[in-house]
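There are 2 protein chains.
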Amino acid sequence: MINKVGRDIPDEILERYGKEGYNGPDYRNGTYYVKAAPRVRSRMEGSGKILPSLQEALLKCGVRDGMVLSFHHHFRDGDYVVNLVMETVAALGIKDITICASSLGAAHDPVAKLIEEGVVTGIQSSGVRGKIGEAISGGRLKNPAVIRSHGGRVRAIEEGDVHIDIAFIGASTSDEYGNARGVGGKSNCGVLSYSMVDAKYADHVVVVTDCLVEYPNLPASISQVDVDYVVEVEAIGNPDKIVSNVVRMTNDVRELKMAEYCARVIAKAPFFKDGFSFQTGGGGAALAVNRMLRPYLEEKNIRMGFAIGGITQPMCELLEEGFVRRIVDAQCFDAASVKSVENDPGHFEISTSEYANPMNKGAYVNRLDYVVLGALEIDLDFNVNVVTGSDGVVRGAPGGHPDTSAGSNCSIIVAPLLRSRIPTVCDRVVTVTTPGECVDVLVTDYGIAVNPLRQDLLGAFREAGLPLKTIEELRDIAYSIVGEPEPLEFGERVVGIVESRDGTILDVIRQIKD
Amino acid sequence: MINKVGRDIPDEILERYGKEGYNGPDYRNGTYYVKAAPRVRSRMEGSGKILPSLQEALLKCGVRDGMVLSFHHHFRDGDYVVNLVMETVAALGIKDITICASSLGAAHDPVAKLIEEGVVTGIQSSGVRGKIGEAISGGRLKNPAVIRSHGGRVRAIEEGDVHIDIAFIGASTSDEYGNARGVGGKSNCGVLSYSMVDAKYADHVVVVTDCLVEYPNLPASISQVDVDYVVEVEAIGNPDKIVSNVVRMTNDVRELKMAEYCARVIAKAPFFKDGFSFQTGGGGAALAVNRMLRPYLEEKNIRMGFAIGGITQPMCELLEEGFVRRIVDAQCFDAASVKSVENDPGHFEISTSEYANPMNKGAYVNRLDYVVLGALEIDLDFNVNVVTGSDGVVRGAPGGHPDTSAGSNCSIIVAPLLRSRIPTVCDRVVTVTTPGECVDVLVTDYGIAVNPLRQDLLGAFREAGLPLKTIEELRDIAYSIVGEPEPLEFGERVVGIVESRDGTILDVIRQIKD
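Sequence order for the protein chains is Y and X. Residue 173 in my numbering sits at position 173 of the first sequence, and the numbers go up by one each step. Residue 486 in my numbering sits at position 486 of the second sequence, and the numbers go up by one each step.
These aren't lab readings, by the way, just hints derived from the structure by calculation. Do not rely on the hints blindly, as some may be mistaken.
Identical chains share a label here; the pair holds if one copy fits it or two copies do between them.
Claimed, not checked - Taking lysine to aspartate or glutamate and the DMTMM-like style, the derived pairs with C-alpha atoms no more than 25 angstroms apart in a straight line are: (1) Lys186 - Glu214; (2) Lys4 - Glu472; (3) Lys257 - Glu463; (4) Lys300 - Glu214.
Given these sequences and hints, build the entire structure.
Written out as structure tokens, the structure is:
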């Protein structure tokens, strides 16, 4: 079938997974469903959760072929837990494991070998980078990878689309009864938002920590009532690598120019009033926007109601200085935000379900005025691709992109028109990861395009004298400089499924041609 | 069948409710079950939860005959919400409602009339006092009342023994999207622990508040993701009445004597070491124990690891002064504790599932060293009755009594040997609400009895020179003063079922004879 973003979703895929094609952002709004529930084991003893090794934990949880194991990625490129657990799984001779992670990155390159060996046959993740992405696009993973947004992942768990057999939760601190936090130890990651949902819906829950602390470890991100076992290891991650090159400050003139355009877009849109809400990602231009907003806030004498998302130092500084009333945090992107969530009384941890699940009774993204996001590609329908690279290989992550785009009053894509002679604006993106009807504004270094669905914004920006272009004009400029790109050629085999946040199918990813 | 506390549970009751008789405190420890799950409606709009009236909320939630409505009792005798909602239900002509409350008291006398009218045909509660108790014992409620401990209630909800159609949550503050707290408004009750479970397992959730605050209301006890509607009313409760006569300080010489005995019992038991954990109830002697413990703490130079439970001013003072490391709070019993939980960084709110559910992966009561509790009656097997009065009428509440007795290393009952010429110690309690095998020590004004199952304690107390008696000796003293009481006569009809915390049946309550 051809879905609402014009993508041909093979019927066999829809049938195999019992799914529908994407049918618009509000298709499932206001509908009823019964939530999923785990099968759990009661514990009336006040001790006995500490186990000497991950192997012991896997055996106690009854690990067996075909299980689904879950992980969080709060340590990003510094995570050790996935590899520690998966090595142990492999050593036990277990096969056919599905890894359901909130994201996977370069830290998890060793998993590619486990894919070759059939230890891992399924990947469900937001991000897939590095060698895992190559293994997927090369057709070496047995089952199609399932790519979900952050909101889509927790939706899938809460609706029972995926049932987690064992959740492994790397925790900066834990007590011996499983109360776990993202702060207080030698390896701090700030919040444990992604794992909060896993802890509630997995049959078995194992906390993995490198810092056991006195009972009770409060306030607990993960509660003892959901934890079966606690395993102490030497190190759960390297917090220095939470700041990967995805999250960086910029001195790049082009990025600063886009940031300035973006700040003007925000200030001139009708939502720029006291109490507005805001999210930026961790890209260079996006981060710069945080700082460039300040004079506009001062000029208008207003402040943000809340900032949300992946949180970085510039936003924590705005909080400290009173420009933001609350930070609502689902992921810390740097050391400053880790410190802030531990110490600043205006900075709060939330679960990823609270952040972005489209099927609960109201996520934070529903209340968002502005979001600033990136794109690898964006096409004439404003469809965005943040997952497949220009060679067709999986190397990105939708993350909260589709969730915040759908939820916000004004979603802004900031991207250079060209990257290494590859146009960002194009006729048709390789893979649709955020539907164009949810994308409102595109800011490039060559001008600003507004989605024609948003005549309100177009009017406001025209009046404010912003450098407006149509998206076709931007595409034409790009093509005039570097030429129209050759279409990629793919094999027939579906190696990845891009789920919309509501569980319908947005697009499929096919095997690359060798 | 005759259950493990020697009570004859009618087979028809066991069959009707698909239950087993009580079979020991650890009968279901380590067993597996699938958790319950609600049927919920998604909301992708960022607004629209505010409704103008309770009637509108009831209609939007599809109220109809036979539904189960739930309530918390954090306002105790000052609660307005049950009556406000139930009046509205009655006015809509709805019948056959089951009220599933964490407790009901004198504030809810108007419900007795709704029982007569068939609006209310089921009561599931920990406490039942006042006119509702009379209506139950008089046989006027259509279905047997189900009496559960606090842990047993949340267990029943989480296991699906009771499915809540609509949860009403009186909240001291809420924002328009349903983030609700027990502090910050004009009617503060401190924590919303009882409602935390209802919010997760009810199909529909309505927050009722008398103080709407700016979004987002954080840290939220009840999260927006679980709330369908918010209704503002003039007042949700009278916080002055949180301190009812159940919670009081004492000058009574007899109570002070028992408190002193109790403090010595605690100090001489082997668990009195640095980091021990502790709970007292709100009775006169129990409260006095908090203060009498201090010299023993000072003498031994130790402090409590955590105090839990219903929290009162004396415990908050011990926290402030450094004698307690953490307070873990499932209910505030007075204004001082409400203030403390809002402001003291060592004082934490937990859910009632975290407090006491025997079927989750580990509740706080499992980690308890000492608990100090009351009793209306205690018999030669140490079985305790805290529900039926000397006239056989329901007028009490197990509350956390059975949970903490089962979980703690040393459970201590403090009760005068006689009350108005009625013996507390007796051959056989009218109703078993806490099994004797979970009760370790009885402190009376005539001496201290230790359960023979606890030879370890008996040895320690004998060595310490405590005034020990056997429970038979205490019974003999009581009977020698006031005579042996005449056995109560009951009708045949079962009007109440006392569930053990694990869902098995501990006892039944029969209709009183007119």
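Exercise. Check each numbered hint against the structure and report the violated ones by number, ascending.
Key: none
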